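Respectively, the protein sequence lines represent chains A and Y.
Throughout the first sequence, residue numbering follows the UniProt record's numbering, covering 1 to 168 in sequence.
Throughout the second sequence, residue numbering follows the UniProt record's numbering, covering 1 to 206 in sequence.
None of these hints come from the bench; they were simulated from the model.
Treat the numbers as computed from the prediction; the structure is a model and nothing was measured.
Any given hint could be a false lead.
Taking beta-carbon pairs under 7 Å as the criterion, some of the chain A residues facing chain Y (in silico) [what the hints assert, rightly or not]:
{"#": "1", "residue": "I59"}
{"#": "2", "residue": "F69"}
{"#": "3", "residue": "F107"}
{"#": "4", "residue": "A151"}
{"#": "5", "residue": "A152"}
In this text, a Cβ means the ideal position worked out from N, Cα and C, and glycines have one as well.
Listed below are the residues making up each chain.
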Amino acid sequence: MKAVARSLVAALLLAAPFAAVSAQSISLGGDNAHSAAKLQHVLLLSDAVETKVGGSQAIELRFRVEDGFHINSHHPKDELLIPTALKLESAGAVQVLSVDYPAGKPFKLPSSNDPLDVYQNEFRVMLRVAAKSPGTTELNGSLHYQACDNAACFPPRTLPVKVLLTAK
Amino acid sequence: MLRRVLVAGGIALVLAVLVTAGIHNLRDRRAAMQQAAAQHVDLTPVASGDAADAIPPELGRDLRGKAAPDFTLTTLDGRHIQLADLKGKTVIVNFWATYCGPCRVEMPWFEEFGKKYANDKLVVLGLNYEDGVTRDDVAKAVKKTGVTYPILMADDKTAKAFGLGDYLPVTYYVDAKGEVVDQSPGAPTKDQMEATIKKAIARSQS
């Protein structure tokens, strides 16, 4: 009788992985990050960075603006335009000390003589952080920006930013 | 004997589970393929004709040839303006936002053409549509553009009635009967804008 029970258990164990496969959802395409960039027009490229323990250390976060679009720099020339701004919260043993933005590049809309100050393609935001101890810490925050193309604009958006910072 | 029956039963159970898993997997794959096929969009250039002017759905509802949705909104100085009251005139309904550079590029053109075609009963209405701005913010932006035509504070109800996409500026050219002659998602060139205005005026006068 014990042998019979063993056979049944073995049969069920054999079948379990196949049953699990059938229960998994199937996802075609799978390029969710790309879809998110299309929707948001901006994508975070650096989701994991390394730094040294102790003192003030510089880290760099890279973002990409969808082709054909621009977002205002942190210091747009027009007060009515919405500046790009990154907020990243200190967490655990990691303190975010400062955020430094790159200079924008001049960009003229068709039929306009006043150049805008924008980020296009890839831009990099420099942060200074201080990690008290070794280990990996998840830093959370957001990038606030407003995207336009040559002829029209999308409403301001907030991109969630999650970065795994490893201090060694 | 009993042992053999039970072993055979176990094997049958395994086979049954495998077959069930296979059927579920096939069914899910077919459903996923159908969904993917339904979502597939071919982006091909349109050659000519009416289809060349097609407005992609994500840029808002195509209202051309339809009655412009009526609205009553308040101007920056507190006056109420109802679109229906402007029947008999050609009306430009321009949705814009203070943060929108292309909007503020085209607004002085509306001002210029509003004056140029005033004798043809052309009326320009600017409908500010954005979250988190005050009338003072809007007034400041309007002052920068130098326009003097009425600026109305649009609401979600009006935006929904026009079927706005997630995109500004959007302009509707409405004839004297209240029908949308043309609409422009995004800022056109100045020449394109004037050509559309002339078309709308001609429709009003026909």
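Review point. What are the numbers of the hints that this structure violates, sorted from low to high?
Key: 1, 2 and 3
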